[in-house]
Amino acid sequence: MTGFPVGITALIVVSLLIFFGLAHRALDRMRLTDRGALAVIVALIIGSFISIPIPGGRYPVSINVGGGLVPLGLAIYLLARAGTAAERLRALFGAGVTALVVYAVGSLVMRGLPEPGGRYEILDALWLYPLVAGVMGYLAGRSRRAAFVSATLGLLALDVGYYFWLVSRGAPAGRVAIGGAGAFDAIVMGGILAVLLAEVVGEVRERLQGGPSEKGRPEALLKALRKPGLDTGTADQDGAGEGSETGKGGSLQ
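Numbering (our numbering), first residue to last: 22 to 274.
Incorrect hints may have been included.
FRET-style restraints, in silico, Cβ to Cβ [what the hints assert, rightly or not]: (1) ARG79 / LEU229: 49 to 55 Å; (2) ASP55 / PHE114: 42 to 48 Å; (3) ASP49 / ILE97: 15 to 21 Å.
Simulated from the structure, these hints should not be mistaken for lab results.
C-beta: ideal position from N, C-alpha, C; glycine also.
Let the hints inform the model, and build the full structure from the sequences given.
So, in structure tokens, the structure goes:
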């Protein structure tokens, strides 16, 4: 059997390190502990090799543990930990918007022509869908947690919707593999990208405005948002050393 050239092998290894390094950073910035973030990454990797068939339908349906169940569980956990009911509603609304926009973009680009180029030969769907979902998840969710939930649940909803589309059309053949690409599925990459966008844009906005917005916010929340040394009291343990905890417009993560 012919092996990979050394250069390609090295490129793959570096790409994996970068991807999982970014994944760890994204998870860490959602206020997960380092141990919790690493546990999620390990679950993503191991779960990528496990797909669970879902019986009872006309078309074969399966859900990958690493690409589907783990992101779904994390999204539910983040929803439960959301700071306010408004943040939960914003995340769920963002998921619906994300699903609709990704569907619209996919229909426009991919309609009538085979992958990977699609109608306008922009990007392979492997990269196009998580890119669109990440941007929409951030714009709709605003905070890191809500952005992740919006992108993740939006893409999950799109996969489920694809099954009902097959049923409604009476397609002669079709298969639905939710999260089928495992740790490199659009669901995982879209969620990570949404968090990183919230992180980068939020940090830039805070630096430009001199810190998180304090207008109308309770003192307990402001204490958690302040960096060490900005007030006379002792910084809260959760806020100390973690940098800003705001996304677009200073939203709590």
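Open item on the list: Are any of the numbered hints broken by this structure? If so, which, sorted upward?
Closed with: Violated: hint 2 alone.
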